[in-house]
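S.K.: Work the whole structure out from these sequences, hints included.
For the protein sequence lines, the chains are A and B, in the order given. Numbering-wise, the first sequence is residues 111 to 222 according to my numbering. Numbering-wise, the second sequence is residues 1373 to 1486 according to my numbering.
You can take every hint at face value.
Distance windows between CB atoms, simulated:
1) GLY111(A) - SER1452(B): 27 to 35 Å
2) GLU186(A) - ASP1428(B): 33 to 41 Å
3) PHE128(A) - GLY1388(B): 45 to 53 Å
It should be emphasised that the hints constitute simulated quantities derived from the structure, not laboratory data. Ideal Cβ positions, reconstructed from N, Cα and C, are used throughout, including at glycine.
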Amino acid sequence: GNSVTQMEGPVTLSEEAFLTINCTYTATGYPSLFWYVQYPGEGLQLLLKATKADDKGSNKGFEATYRKETTSFHLEKGSVQVSDSAVYFCALKDTGGFKTIFGAGTRLFVKA
Amino acid sequence: NAGVTQTPKFQVLKTGQSMTLQCAQDMNHEYMSWYRQDPGMGLRLIHYSVGAGITDQGEVPNGYNVSRSTTEDFPLRLLSAAPSQTSVYFCASSTPGEGKNEQFFGPGTRLTVL
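M.R.: Here it is in structure tokens:
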């Protein structure tokens, strides 16, 4: 079945450090890939998405590239801020499908 | 637009009690889902609906019921609460979009069962 694996947290960084959160997936066909972010006490919200191979999703300085050859969708940001502290979820959806499969989430702490 | 709204925000129940978690969306989305979030386990799908009058089970449906009488509302019922149902519950909605569309989430209900 479909699955998403992302790196375990927590990840602790200093402000302005480079961020990478790894995500790999298992799926048949050509799923759409998503990163969601959950700030403390809130629901999840979409951060970025990519719907086909080699697409790059980007938003708020975050980027992720859909790599079919390595079945990966790693999240990166060049310079993190304290306000980026949150839990980040990698997710996939099958083409034409309804269900979203979520990874376990990676908690990020950014220190001033 | 209010988006996806959930009530209550917090709830404490005793074992064996029943209750309904409310969810509503004003975006005219066809698809709605209920998830539970537990530490280290991501989000697990409880029940979902692809339109009014149509519901189906997700990954962890036992102990929960749903109905979808209108496009806007998708309540989740706990029939007889158990401590294992202590969790944070999220409702989400989306449009079909051939699997390319993201979900919109409510703010969650934090439930404690004693």
